[in-house]
Amino acid sequence: MHAHVLIVGGGPTGMTLALQLQRYGIPFRLIDKRLPEPSGSKALSLNPASLALLADLGVAEGLLERGQRAEVINLHYANRPLTRIRFAQLPSPYRFFLMLPQPETEAVLLQRLQQLGQQVERGVELCHLQNQADGSVQVELAEQGVRRRQRFSHVVGCDGGLSQVRQEMGAQFSGHDYDMHFILADLKVRWDGPLEQGHYFVTEQGFAILLPLQAGYHRLVIKVNQRCTPGYKPSLAELQAYLQRYGLGAIELSEPIWLSSAPFYNRRASVLRQGNVFLAGDAAHLFSPIGGFGMNTGIADAFNLGWKLAYSLRGAGNAALLESYVSERDTVIERLLAKTDLSTSLIARLDRHSAADEARYLPHMANRGFIRQLAIETAGLALRYGEGSATAEVGSLLPGMPAQVVQPAIGHMQHTVLVYPGEHSTAALKQLRQRLALLEAWTRCYCLIDPGQTLDGAAASAFVDPQGLLRRTWSMQPGDVLVVRPDLYIGWRGRLDNLGDLDRWLAQYGLLAARAEAVA
428 MHAHVLIVGG
438 GPTGMTLALQ
448 LQRYGIPFRL
458 IDKRLPEPSG
468 SKALSLNPAS
478 LALLADLGVA
488 EGLLERGQRA
498 EVINLHYANR
508 PLTRIRFAQL
518 PSPYRFFLML
528 PQPETEAVLL
538 QRLQQLGQQV
548 ERGVELCHLQ
558 NQADGSVQVE
568 LAEQGVRRRQ
578 RFSHVVGCDG
588 GLSQVRQEMG
598 AQFSGHDYDM
608 HFILADLKVR
618 WDGPLEQGHY
628 FVTEQGFAIL
638 LPLQAGYHRL
648 VIKVNQRCTP
658 GYKPSLAELQ
668 AYLQRYGLGA
678 IELSEPIWLS
688 SAPFYNRRAS
698 VLRQGNVFLA
708 GDAAHLFSPI
718 GGFGMNTGIA
728 DAFNLGWKLA
738 YSLRGAGNAA
748 LLESYVSERD
758 TVIERLLAKT
768 DLSTSLIARL
778 DRHSAADEAR
788 YLPHMANRGF
798 IRQLAIETAG
808 LALRYGEGSA
818 TAEVGSLLPG
828 MPAQVVQPAI
838 GHMQHTVLVY
848 PGEHSTAALK
858 QLRQRLALLE
868 AWTRCYCLID
878 PGQTLDGAAA
888 SAFVDPQGLL
898 RRTWSMQPGD
908 VLVVRPDLYI
918 GWRGRLDNLG
928 DLDRWLAQYG
938 LLAARAEAVA
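Final position of the sequence shown in this note's numbering is 947; the numbers increase by one with none missing.
To be clear, the hints were calculated from the coordinates, so they are not data collected in a lab.
A quick note: this is a predicted structure, and the numbers were derived from the prediction, not measured.
Virtual Cβ for every residue (Gly too), placed ideally from N, Cα, C.
Any given hint could turn out to be false.
For lysine to aspartate or glutamate, the following EDC-like pairs were computed, each having C-alpha atoms within a straight-line distance of at most 16 Å [what the hints assert, rightly or not]:
1. LYS460 <-> GLU570
2. LYS460 <-> GLU531
3. LYS766 <-> GLU750
4. LYS857 <-> ASP924
Quick list of the computed label-pair ranges, beta carbon to beta carbon [to be verified]:
5. PRO454 <-> GLN538: 15 to 23 Å
6. GLN831 <-> LEU543: 28 to 36 Å
7. LEU589 <-> GLN557: 18 to 26 Å
8. ARG576 <-> GLY674: 58 to 66 Å
9. GLU552 <-> TYR659: 24 to 32 Å
10. GLN831 <-> LEU589: 42 to 50 Å
11. GLY643 <-> GLN880: 47 to 55 Å
12. ALA765 <-> GLY550: 32 to 40 Å
Construct the entire structure; sequences and hints are all you get.
Now the structure itself:
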């Protein structure tokens, strides 16, 4: 079997997937038809959910050094304060958005790849692909005018909105384009408002977004009335004139270092998988930029797919595990398409929302719960696989802790089992140990205990949880067991006295008799 992966597209999604495969020891090629040149990409922010995933890859610190933290987002309507979204109470060690232009994010990811001896192969183009009867994928690649054929076990298209992989799959890119464009700039701003915070200015005529960058610069996004031709770059005078038109003339602009324009989209691929060919990132979905979910969703796609591909290629997972990428990410994509469509309608004053949608943003006591939840949703921490809404349930991202709180090592290529033994017998813990022994290198386990408590013959490392902070945050009662996946989502939740449910869950995805094997 051809046991390596072709990743098409060397942007944030492709490089995140490559870093995932690299640490599992999975051979891959990462290609991009673009030659090294300044990126024209528009993505800006990394949300707290993405920062947690990227920290697991060991690149968060490099990103934090380059980016600007925004702990508050202000919503203004008709030049009056409407709502303030604060991230200080998020269930995450990253209680802020990191404002960092996509080329800077790409530079940090590329640096990490190079440290690991890997590279993006520039100037290599996918021309054709076809699933084969033996399960492999045959591709035709062009490099320096020469075409060559090669086979891979899997191909992943991370090659953007004009994806060649998606075209080769014959997948549709359904949805709609909004009949509006926006102009963008990175520049200096003079204004007496809090420039360290983010601002959305909404008027009946249009909107403007102002987000802080490092070194005193800001990203400015303005909705314009006309369609912009591809490659159009606004002038400083045009940007200032739109601010004046929207009643924002007090914001003075200067020293632009980047100017661009783009349309708004709301599209998704009709399928995420065909045989052993997958789509991820902008190749799979294009969202309106309102909310900043585009690049962040691509990073989450790569994290979800990466560990499942690696497990499967290492003999630790069945077909259902790999197929769960499709079902899980389909759910998230559909919800985000609806969410960003509503947000865009509200901010751009379209006719795709109701008066009740608008009323929820008003600063009334009755809306306090919605506003608090809005911070969690905006941060990407409320996205889940499933229909529930409770904290720390199956399908949700494990709530994170403030950076100063010591917690067990979670993620890092493995499943993590968290146990609150309470007064349960040693026999129950031994039964758990027997099951975990089958998982060998794929699992670590911690028993959360009180100071001074001891465990005899436990299946796990004891982890002292003073005042029960971790157990409360993770909604754990005595006898509860949580299994956290390598992508930091809760895969299973149950009880020490009913481990048969755990057996069934492990068997469902072929994990019951997992063995760490070298890739041929």
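(message) Checking each numbered hint in turn, tell me which of them this model violates, lowest number first.
(response) 2 and 3
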